[in-house]
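Trainee: Under my numbering, the residues of the sequence shown are numbered 112 to 425, in order.
I should point out that these hints are in silico values taken from the structure, not numbers from a laboratory. All clues given are correct.
Cross-link-like lysine to any residue pairs, in silico, SDA-like; alpha carbons within 25 Å at most: (1) K387 with D376; (2) K245 with N256; (3) K420 with F392; (4) K162 with L188; (5) K332 with S283; (6) K174 with H194; (7) K340 with F370; (8) K339 with E209; (9) K277 with R231; (10) K167 with V199; (11) K262 with G238; (12) K340 with V189; (13) K262 with N217; (14) K172 with S301; (15) K339 with P278; (16) K364 with L375; (17) K230 with N307; (18) K259 with R275; (19) K162 with L421; (20) K380 with N408; (21) K205 with L383; (22) K277 with I338; (23) K262 with N330; (24) K259 with S218.
Computed beta-carbon distance windows for the label pairs: (25) D394 with E161: 24 to 32 Å; (26) H198 with K332: 33 to 41 Å; (27) E422 with K262: 45 to 53 Å; (28) R295 with S229: 46 to 54 Å; (29) R280 with H198: 27 to 35 Å; (30) E317 with K167: 36 to 44 Å; (31) R290 with K339: 22 to 30 Å; (32) Y225 with R295: 32 to 40 Å; (33) N316 with E195: 41 to 49 Å; (34) V346 with L291: 16 to 24 Å; (35) L159 with S229: 45 to 53 Å; (36) K259 with K167: 46 to 54 Å; (37) K162 with S254: 36 to 44 Å.
Beta carbons: idealized from backbone N, C-alpha and C, even for Gly.
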Amino acid sequence: MTNKVLLIFFLFAISSPSLSKDINTECKEFIKNSEISENNANQKEKLLFEKGVLWKVITPKNKVNYLYGTMHSQDYLVSKYPHEVKHVLVSSKKLILEVIPDNISNSVYIDRMYYKNSKRLDQILDGVFFERLKQQLDSYNLSENQIKKIKYLKPWAAFNLIGRPKPVRAPSLESNLFRLAKERGLIVESLESMDNIISSLEKINEADQINILKDTICNRKEIIRDIKKLVNLYVNRDIVGIRAFNDIKHSNKRFYDQFMQIMLDDRNKKMLKTIKEEFEFGDVFVAVGISHLIANNSLLELLNGQGYKLEVIY
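Produce the complete structure using the sequences and hints provided.
Mentor: So this is what it looks like as structure tokens:
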């Protein structure tokens, strides 16, 4: 979602044999299945594109715009935009990001990640899972205040935190695009606010959030390791590989399908309306997470079905 320090920590974090036995027993139902469905394994012929991260999009009225699939990561392999992307962006008039990567968005995220009422994570998450969560968070160099507030984390905030490598002091790809656009005098807007994104996350009922958190706690070592594989697929612009990666069978298909419906499909429908309106002006560069462009019911599929011409640029 790799970092050798995290993996080494995971292997040696368990200090109590009894805790190890309990957590291993509790995690049995969440063990990941690495099989890929036959439908996805044979889907190459069904995809609009097999490779690519940057597309030229021509509207029915012949206005030219661009769609760029990003990866939300601070990995240096990802965060540096290619020359082809820079060339197209600086030739555009407007950059539209999924969300503006600024201090305001960051403050909103931090403010909403904690319970403010009497509810506490350590009271709704089984004890063995909460203890393992605290052990896993030890490797994130949290401040003393952040450590005290772990028990107030909302489930979605907890699984987002441990489901990715430890943050580094490096800009993300979106931050670099934002900076370049500002330097070149482009108009910069966003498809969503951070409040919008968190509100989508909180549409997932709390019981399901807890189950996703348990799944993430149990499979964290594999998740962190798999992120490196996903980075390599992204760098190689391998749409088939990314789709296959995302289609690995999950321990609870209902949770996964609901998560994807809320966080991908529903948001795509809202994004599409804004993108189509902006594309009518031309010279617009839209950057969103790559899954929004290549998953089932993706933005590319929706645009293609509505008469927009698509061409891979990179």
